[in-house]
Structures are given as C-alpha cells and as structure tokens.
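Please build the complex by placing chain W on the supplied structure of chain F, with the hints as guidance.
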Amino acid sequence: MQIYVCVKHVPDSSAVITVLGDNQIDENVIFLLNPYDEHAVTEAVKIKNSLPDSEVIAVCLGKDDAEKTLRSALAMGADRGILVVSDAPHESIEIARVLKTVMAQDGIPGLIITGKESIDAKGMQTMFRIGALFDFPVATNVIRLDIEGDIAIVDSELSGGAVDTYEMSLPCVIGAGRGLNTPKYPTFPDVVKSKKKVVKKIALAELDIGTSKADMWIVGLEPLVLVRKPKEITGDTDEVAREVIRILREEAKVI
Amino acid sequence: MKNIGIIIELDEGKIKEINFGMITLARAPDSDLFAFVLDADVTAVREDLESYGITKIVDVALASDQRNNPAVRAKAIANGIKEYGIGAVFGLSTATGKDLLPRIAAQLEAPLVMDCFTVDLENNLAWTSRYSGKTSASIKVTGDIVVFGVRPNAVEPVKGQVSSRILKFDGSRIVSRGFKFVKRAAGDTSVKISLAEADVIISGGRGMKNGDNFSILSKCAEKLNGAVGASRAAVDSGWVPYSMQVGLTGEKVSPRVYIGCGISGSIQHFAGMKTSGLIIAINTDKHASLMADCDYSVLADVLELIPEITRHLENG
Chain F
0 MQIYVCVKHV PDSSAVITVL GDNQIDENVI FLLNPYDEHA VTEAVKIKNS
50 LPDSEVIAVC LGKDDAEKTL RSALAMGADR GILVVSDAPH ESIEIARVLK
100 TVMAQDGIPG LIITGKESID AKGMQTMFRI GALFDFPVAT NVIRLDIEGD
150 IAIVDSELSG GAVDTYEMSL PCVIGAGRGL NTPKYPTFPD VVKSKKKVVK
200 KIALAELDIG TSKADMWIVG LEPLVLVRKP KEITGDTDEV AREVIRILRE
250 EAKVI
Chain W
0 MKNIGIIIEL DEGKIKEINF GMITLARAPD SDLFAFVLDA DVTAVREDLE
50 SYGITKIVDV ALASDQRNNP AVRAKAIANG IKEYGIGAVF GLSTATGKDL
100 LPRIAAQLEA PLVMDCFTVD LENNLAWTSR YSGKTSASIK VTGDIVVFGV
150 RPNAVEPVKG QVSSRILKFD GSRIVSRGFK FVKRAAGDTS VKISLAEADV
200 IISGGRGMKN GDNFSILSKC AEKLNGAVGA SRAAVDSGWV PYSMQVGLTG
250 EKVSPRVYIG CGISGSIQHF AGMKTSGLII AINTDKHASL MADCDYSVLA
300 DVLELIPEIT RHLENG
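Chains F and W, in that order, are what the protein sequence lines are. Residues in the first sequence are numbered consecutively from 0, following numbering that gives the first Met the number 0. Residues in the second sequence are numbered consecutively from 0, following numbering that gives the first Met the number 0.
Treat the hints as calculated values from the structure; they're not laboratory data. Mixed in with the good hints, there may be bad ones.
Stated by the list, open to error - Derived pair list, reagent style DSSO-like, types lysine-lysine, alpha-carbon separation capped at 30 Å:
{"#": "1", "chain 1": "W", "residue 1": "LYS13", "chain 2": "W", "residue 2": "LYS179"}
{"#": "2", "chain 1": "W", "residue 1": "LYS222", "chain 2": "F", "residue 2": "LYS252"}
{"#": "3", "chain 1": "W", "residue 1": "LYS81", "chain 2": "F", "residue 2": "LYS212"}
{"#": "4", "chain 1": "W", "residue 1": "LYS218", "chain 2": "F", "residue 2": "LYS252"}
{"#": "5", "chain 1": "W", "residue 1": "LYS167", "chain 2": "W", "residue 2": "LYS1"}
{"#": "6", "chain 1": "W", "residue 1": "LYS208", "chain 2": "F", "residue 2": "LYS183"}
{"#": "7", "chain 1": "F", "residue 1": "LYS228", "chain 2": "W", "residue 2": "LYS222"}
{"#": "8", "chain 1": "W", "residue 1": "LYS1", "chain 2": "F", "residue 2": "LYS212"}
{"#": "9", "chain 1": "W", "residue 1": "LYS182", "chain 2": "F", "residue 2": "LYS47"}
{"#": "10", "chain 1": "W", "residue 1": "LYS285", "chain 2": "F", "residue 2": "LYS252"}
{"#": "11", "chain 1": "W", "residue 1": "LYS74", "chain 2": "F", "residue 2": "LYS212"}
{"#": "12", "chain 1": "F", "residue 1": "LYS47", "chain 2": "W", "residue 2": "LYS179"}
{"#": "13", "chain 1": "F", "residue 1": "LYS252", "chain 2": "W", "residue 2": "LYS15"}
{"#": "14", "chain 1": "F", "residue 1": "LYS212", "chain 2": "W", "residue 2": "LYS139"}
{"#": "15", "chain 1": "W", "residue 1": "LYS13", "chain 2": "W", "residue 2": "LYS1"}
{"#": "16", "chain 1": "W", "residue 1": "LYS218", "chain 2": "W", "residue 2": "LYS208"}
{"#": "17", "chain 1": "F", "residue 1": "LYS45", "chain 2": "W", "residue 2": "LYS15"}
{"#": "18", "chain 1": "W", "residue 1": "LYS285", "chain 2": "F", "residue 2": "LYS230"}
{"#": "19", "chain 1": "F", "residue 1": "LYS67", "chain 2": "F", "residue 2": "LYS199"}
{"#": "20", "chain 1": "W", "residue 1": "LYS208", "chain 2": "F", "residue 2": "LYS230"}
{"#": "21", "chain 1": "F", "residue 1": "LYS62", "chain 2": "W", "residue 2": "LYS191"}
{"#": "22", "chain 1": "F", "residue 1": "LYS194", "chain 2": "F", "residue 2": "LYS183"}
{"#": "23", "chain 1": "W", "residue 1": "LYS251", "chain 2": "F", "residue 2": "LYS230"}
{"#": "24", "chain 1": "W", "residue 1": "LYS167", "chain 2": "F", "residue 2": "LYS45"}
{"#": "25", "chain 1": "F", "residue 1": "LYS183", "chain 2": "W", "residue 2": "LYS251"}
{"#": "26", "chain 1": "F", "residue 1": "LYS230", "chain 2": "W", "residue 2": "LYS222"}
{"#": "27", "chain 1": "F", "residue 1": "LYS195", "chain 2": "F", "residue 2": "LYS62"}
{"#": "28", "chain 1": "W", "residue 1": "LYS285", "chain 2": "F", "residue 2": "LYS228"}
{"#": "29", "chain 1": "F", "residue 1": "LYS228", "chain 2": "W", "residue 2": "LYS208"}
{"#": "30", "chain 1": "F", "residue 1": "LYS212", "chain 2": "W", "residue 2": "LYS55"}
{"#": "31", "chain 1": "W", "residue 1": "LYS13", "chain 2": "F", "residue 2": "LYS252"}
{"#": "32", "chain 1": "W", "residue 1": "LYS167", "chain 2": "F", "residue 2": "LYS252"}
{"#": "33", "chain 1": "W", "residue 1": "LYS251", "chain 2": "F", "residue 2": "LYS228"}
{"#": "34", "chain 1": "F", "residue 1": "LYS67", "chain 2": "W", "residue 2": "LYS251"}
{"#": "35", "chain 1": "F", "residue 1": "LYS252", "chain 2": "W", "residue 2": "LYS81"}
{"#": "36", "chain 1": "W", "residue 1": "LYS251", "chain 2": "F", "residue 2": "LYS252"}
{"#": "37", "chain 1": "W", "residue 1": "LYS81", "chain 2": "W", "residue 2": "LYS139"}
{"#": "38", "chain 1": "W", "residue 1": "LYS218", "chain 2": "F", "residue 2": "LYS230"}
{"#": "39", "chain 1": "W", "residue 1": "LYS139", "chain 2": "F", "residue 2": "LYS62"}
Here the structure is a predicted model, which is why all the values come from computation and not from measurement.
Just chain F, same shape as in the assembly:
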C-alpha cells in the first residue's frame, strides 16, 4: 500500500515573528516539520511496518527550503519525499489541489495522513479538502487508527474527552491528533540514512491543478500584542480571596 503523508514546513512556535510589509513575515527564523505532522509520519511508518509491500511517501508544498522538513520526515522513517516548489504563499483550497494532483500523479494512495492542523495557519481544513477532491472519507483529530483489511477503524476525539469511533473504507484521509502516538524522533544513524533517500522536486508551474472559483488570501498581517500592566493583589489569604471575588463581580461581571 502507498501511504502518503502530507507535511508542512512551519515557523517554530517559539520563533519571534516580525511582520514585513502588509502581509508577510520575516522568514529568517527556524522552520521545522509541523508538530502534528510528526504524529502523522510516526503513524504512517508504524502502519507500513505492519503491512508488507508498503511505502511511505512524504509530500509537501513549499519553498526550496522546505526540503529540510521533508528530510525530517525521511529521518523519521518515510521512504521518499516529493516537494512541490513554490515561492508564493498558498491557502488550503490551493494546497489541497496541489497535494491531490501530485499524489494522484505519483501513485495510488491507499491511505493519506496529515496533522489535524498546522501551527502557523491553523486552518484545520486541508485534510477535508483533499478527501473531497479524491472523494475519500475523512476523519480528523484521530487518536487511534487500526487498519483491518480494507477498512480503517478510527477513534476521533471530541470536546470534553468524548470519543467517536468510525469505520472508513480505504482509501481514506486521516487528520492526526496529539493522542495518536508518541512521535519517534530519529537517531543519528536514521538521519545519516535519510540523506540517501530521494526527494523529488517539482515546480508548481509543472502541475495542472485545475481552477477553483473560490479563493482566500491574507491581505493584512499585524502583530497581535495585548499589552497588560499587572496590578499586584496583596494581603493575607482572606483579603486576597475577597479582592479576587470583587474583581470577578465588579470588573469582569461574571458573578
């Protein structure tokens, strides 16, 4: 089975983000494999190891530099990578079309896994768009995935810790949640071995992704800074408790 993992090259969550111009950021910060995609890669490799004749292919849309993220996926056990190179920013409608086209061109997906969201855009929708384009069933925030024959049995986490169980026919699309597994970080030999693995680069212009009437793009970007000046509440426990309740009642008006 060909297992495709869609990965994204994202700024580190602790990076300092500087806005440039109207709608860009200074990309001179550390970028890495989107944390939720680490769960996706780990799960794909786990399934590959239990199914003979399987292959894990990591696919990514990004700038040339995104090869680093694909190399991370390869070090975690993916067999090969495909990078669709584009310098332009892309939103999910386009991203899904690009990834769908490149997967369909490369092989026959038996299973597609990606992180339930990316930490930079948090659009939470690319997996559903890929599913719709292929007409494959989709589940997101998946915390358990079992493959039995041509059926995927998944647990998807809802709010308050409730869990739904679904059965989906393969091929299907999975949005990996944090509870799915513990990412298997590469050892030094894994990293060395991954350097020999192939990353195929395709220019976006070479792909025919069709056209959509719908579009979305960032028109403006501003630092989200809410300056707070803390006032200290002092006194003994009784006094502090009274003051907190006064604030809840009179200022926040929640009681």
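This is chain W only, laid out in the frame that chain F set:
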C-alpha cells in the same frame, strides 16, 4: 436580499449561549438569516432565535441512525445551503465546528476561515490569528459561498427581535459512502461546560503539584459556572487529560476571565489564552512570565488561595 446561513449548536436540545454572539455577528442589513437546526424540536428554540434576528429556521431531520454521523450532518447542511441560495455561512469554531465546518466547506469548495474574532461580510474579510497567535491576519475570501468559523465569546450578543418562519428540510435519505459512525464514548461527564464556551476558566500548571489537586480548581470553577483547563506541563505529567490542555497544541480560548494557577506562562500557553478578557495569575514564583503579562498578579500558593476563594463563594 442576501441569504445568510447560521449553524446552531445545541446541547441536548437546548440552545447554547455562545450561538447568540455568532448570530449578532452574522446580522446584516437587507438579509434573510437562516438558522440550521439539526435533529431537534425547533419550537423549543424558536423564541430565542427570533429574539436575536433569525428570520428562517431550517428544521433539518436526519435518519435516526445517522444523527451522530458528522459526514451526514455536513452533507445535510451543505445541501440546505445550496437549496436556499445561501451565500455566507457562519458556524462556531468549537470542537464540533472544527469537524463540521471544514467538511461543509470542502464539499462546496468554499473558502473557510476558522477561529475568526470578527467578520466584515460586506467586504468578505475575516480576522483570525496566525503564527501561533502572534499575529492577527485579515483574510479575504471569494466564491459563490463563503464560510466562517466564529470563535466562541468573541462577539458580544445584542438582541434584535424579529419573527421567523420554519422551513422543513428532509435529510433522512442522506448517507455517507465509505464512512460509518460506530459509537460514541462519553467523556468526563462531570464537565458541565466546555473550555471553548466558558466565561471563566481556571487553569492549573506545574504548581498544582499533582492530579488530585485539580479537584480544588473544579470546586471553585463549579461555583463560578466555569471550566477547568491545564498547561501542557500538567498534561504531560499525566495529571489531567489532554482534552483539558489550553495552548498552542491544545484548546485556544477567549473567556471573560482566565485564572492561571501555578502556570509559568510559556509562549505556547500564551498563544492559547492571550485574547482572554481579564487574566489573573496566581503563582509562588514572582518571575513566572504569566505574572508579568496579566491584569492581576497574586504571589500566593494556589493550593491555599483557591479553597479560600471557593469558601467565600459558598458563603456568598
């Protein structure tokens, strides 16, 4: 005349308060507001919906064995959107919405902005946070149908009385090919209000010392009709489940009051709660980041202070 769709979230047949802010945001001059209500007694919610400006209530009936199937629910709403010529759709960016809205948008190949703080419908612009909550982005959407996921509690509800008509929509023959709902396991039933919806959140971090101490927070939260959250440190220590995590890789929340108890306040935690109305930090470490980036700081042991607050609340 514009037709605007609003997906109403219910809790056991009752309308959740968080819908009213969303309806307020969706209201536009010279438009018809269609509220989609799935599998419920619409007469029980009609009065509330009318008081916020809903002019059409779409009463969607599903087959009894498909009620919990998210793929069927999404398809029913997507079909209704097409049937009634709706151009803009609003839903809530709750756990349910995070599954439902992308399914609908994908099916319609419509643009979707999740977790919006606000929307300018006239210009098809939506504002949300990008880059781990460090920036605010305005996003332009184009298409025959556009979809917005509204962050709960982001908009103050304002009433606007109208009268409504009920439209019956038969979704009982809708099925989902290749996708079967098997079962639902209830989560923590002691949780009365979800993190995304709560007006008050009391969160615990490393300073809680162990999982048992979280009951101190639950007791206080109960008195405030609030929810209990946690930092990643507390979740990773195995003290509380992941569903309670607030932060970049957990729930992103905007309550009116956020009380951080023994939480250092990492960048990642901050990304999940920085848009809270009022932040109170309680910590024995005055150098904790949250103590410098809040509205009120208290240098105290949460294990002593919170029970005291609970006691005062109990005694009125």
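Exercise. For which of the previously enumerated hints does the structure constitute a violation, in increasing order of number?
Worked result: Structure breaks hints 17, 21, 24, 32, 35.
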